[in-house]
Amino acid sequence: MCGRTACSLAADNLRRACAYRDRRGRHRQPEWVRQERYQPSYNKGPQSSGPVLLSRRHLHQDADSSERVLMDMRWGLVPSWFKQDNPSKLQFNTSNCRSDTMLSKSSYKGALLKGKRCVVLADGFYEWQQQSGGKQPYFIYFPQTKDAMDKGMEGDEEWKGWRLLTMAGLFDCWEPPGGGEMLYTYTIITVDASKDVSFIHHRQVRAGKGVAGMPAILDGDEAIRKWLDFAEVPTQEAVKLIQPTENIVFHPVSTFVNNIRNNTPECVAPIELGAKK
Numbered sequence: 001m002c003g004r005t006a007c008s009l010a011a012d013n014l015r016r017a018c019a020y021r022d023r024r025g026r027h028r029q030p031e032w033v034r035q036e037r038y039q040p041s042y043n044k045g046p047q048s049s050g051p052v053l054l055s056r057r058h059l060h061q062d063a064d065s066s067e068r069v070l071m072d073m074r075w076g077l078v079p080s081w082f083k084q085d086n087p088s089k090l091q092f093n094t095s096n097c098r099s100d101t102m103l104s105k106s107s108y109k110g111a112l113l114k115g116k117r118c119v120v121l122a123d124g125f126y127e128w129q130q131q132s133g134g135k136q137p138y139f140i141y142f143p144q145t146k147d148a149m150d151k152g153m154e155g156d157e158e159w160k161g162w163r164l165l166t167m168a169g170l171f172d173c174w175e176p177p178g179g180g181e182m183l184y185t186y187t188i189i190t191v192d193a194s195k196d197v198s199f200i201h202h203r204q205v206r207a208g209k210g211v212a213g214m215p216a217i218l219d220g221d222e223a224i225r226k227w228l229d230f231a232e233v234p235t236q237e238a239v240k241l242i243q244p245t246e247n248i249v250f251h252p253v254s255t256f257v258n259n260i261r262n263n264t265p266e267c268v269a270p271i272e273l274g275a276k277k
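Under the numbering used here, the residue at position 154 of the sequence shown is numbered 154, and the numbers go up by one with no gaps.
Because the hints were derived from the structure by calculation, they are not lab data.
These figures come from a predicted structure and were not determined experimentally.
Backbone N, C-alpha and C fix where the C-beta goes; we use that ideal spot for every residue, glycine too.
Any given hint could be a false lead.
[Claimed, not checked] Derived DSBU-like pairs: lysine-lysine, alpha-carbon spacing no greater than 30 Å straight-line:
| id | residue 1 | residue 2 |
| --- | --- | --- |
| 1 | Lys160 | Lys146 |
| 2 | Lys195 | Lys105 |
| 3 | Lys89 | Lys105 |
| 4 | Lys226 | Lys109 |
| 5 | Lys195 | Lys226 |
| 6 | Lys240 | Lys105 |
| 7 | Lys146 | Lys226 |
| 8 | Lys240 | Lys195 |
| 9 | Lys226 | Lys105 |
| 10 | Lys226 | Lys114 |
| 11 | Lys114 | Lys240 |
| 12 | Lys146 | Lys195 |
| 13 | Lys240 | Lys226 |
| 14 | Lys89 | Lys114 |
| 15 | Lys109 | Lys83 |
| 16 | Lys109 | Lys240 |
| 17 | Lys109 | Lys89 |
| 18 | Lys135 | Lys195 |
[Unchecked claim] Simulated DEER-style distance windows between Cβ atoms:
| id | residue 1 | residue 2 | range |
| --- | --- | --- | --- |
| 19 | Ala10 | Gln91 | 33 to 41 Å |
| 20 | Asp221 | Lys89 | 37 to 45 Å |
| 21 | Gln29 | Thr255 | 31 to 39 Å |
| 22 | Gly178 | Pro270 | 44 to 52 Å |
| 23 | Arg163 | Pro234 | 23 to 31 Å |
Use the sequences and the hints to build the structure in full.
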């Protein structure tokens with residue numbers, strides 16, 4: 001599963017890091033929707049809000065479906081059909097959606113068949129390995145270029161900073177029965193862990209269920225384009241993109257990250273295993 005992420009870029013840099021080419025080949029940056037709600041964090045968990053990419057057509061029916069917008073949504077999908085007056089009364093955990101059941105579980109099937117596909121953005125995500133002395137956290141992310149560590153200069157047209165991890169997700173929009181503001185929420189799709197990180201999950205191998213899940217990562221803009229462009233890429237085609245990836249790296253981090261209230265760069269800083277913390 002994926003239960004903790006980091007997304008530390010400021011709103012403007014996040015937008016620059018999500019630059020893409022539209023259907024006409026024009027270089028674009030996604031427009032922010034509700035940018036004022038976005039809060040960078042080194043330690044995000046379910047029920048917090050986080051940034052996602054989606055097709056502009058979800059918000060404007062006459063828009064080009066290849067155009068993208070950035071939006072801050074709450075983590076933990078609340079289905080549009082949920083009838084209670086308070087989304088916290090939802091009785092099950094919807095922060096992750098297993099890829100092998102997303103077309104059968106009612107919480108996700110409707111959103112998927114309606115094309116409500118999104119890309120969840122993060123610097124990376126955390127996983128914990130069970131050890132004799134407790135759980136050891138790891139930070140998992142895309143391989144970075146040398147100059148990515150320097151976060152990219154404000155004036156640069158092209159983003160050369162940290163390469164964001166792009167995870168496949170589904171979103172939905174819930175309207176309170178008594179009226180009020182619409183609530184946008186998302187879930188992260190999970191797949192079996194790739195060989196490189198399966199050792200972190202060795203405790204979670206269950207008969208008939210494979211290795212415990214990791215996020216379904218979309219590697220490259222073509223995969224992102226196909227996943228987001230629901231008007232051009234039908235569901236049956238899009239779900240073929242949901243596969244484990246080997247193109248990730250990881251390092252151990254301090255148990256400082258275990259407390260979700262801790263929100264500093266120390267959460268993602270590499271440590272040497274066996275060294276005094």
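Each hint tested on the structure:
no.: 1; hint: Lys160 - Lys146; result: holds, 10 Å
no.: 2; hint: Lys195 - Lys105; result: holds, 27 Å
no.: 3; hint: Lys89 - Lys105; result: holds, 18 Å
no.: 4; hint: Lys226 - Lys109; result: holds, 19 Å
no.: 5; hint: Lys195 - Lys226; result: holds, 25 Å
no.: 6; hint: Lys240 - Lys105; result: holds, 18 Å
no.: 7; hint: Lys146 - Lys226; result: holds, 29 Å
no.: 8; hint: Lys240 - Lys195; result: holds, 20 Å
no.: 9; hint: Lys226 - Lys105; result: holds, 23 Å
no.: 10; hint: Lys226 - Lys114; result: holds, 15 Å
no.: 11; hint: Lys114 - Lys240; result: holds, 17 Å
no.: 12; hint: Lys146 - Lys195; result: holds, 25 Å
no.: 13; hint: Lys240 - Lys226; result: holds, 10 Å
no.: 14; hint: Lys89 - Lys114; result: holds, 24 Å
no.: 15; hint: Lys109 - Lys83; result: holds, 17 Å
no.: 16; hint: Lys109 - Lys240; result: holds, 16 Å
no.: 17; hint: Lys109 - Lys89; result: holds, 20 Å
no.: 18; hint: Lys135 - Lys195; result: holds, 20 Å
no.: 19; hint: Ala10 - Gln91: 33 to 41 Å; result: holds, 37 Å
no.: 20; hint: Asp221 - Lys89: 37 to 45 Å; result: holds, 39 Å
no.: 21; hint: Gln29 - Thr255: 31 to 39 Å; result: holds, 37 Å
no.: 22; hint: Gly178 - Pro270: 44 to 52 Å; result: holds, 49 Å
no.: 23; hint: Arg163 - Pro234: 23 to 31 Å; result: holds, 29 Å
Hint violations for this structure: none, all hints satisfied.
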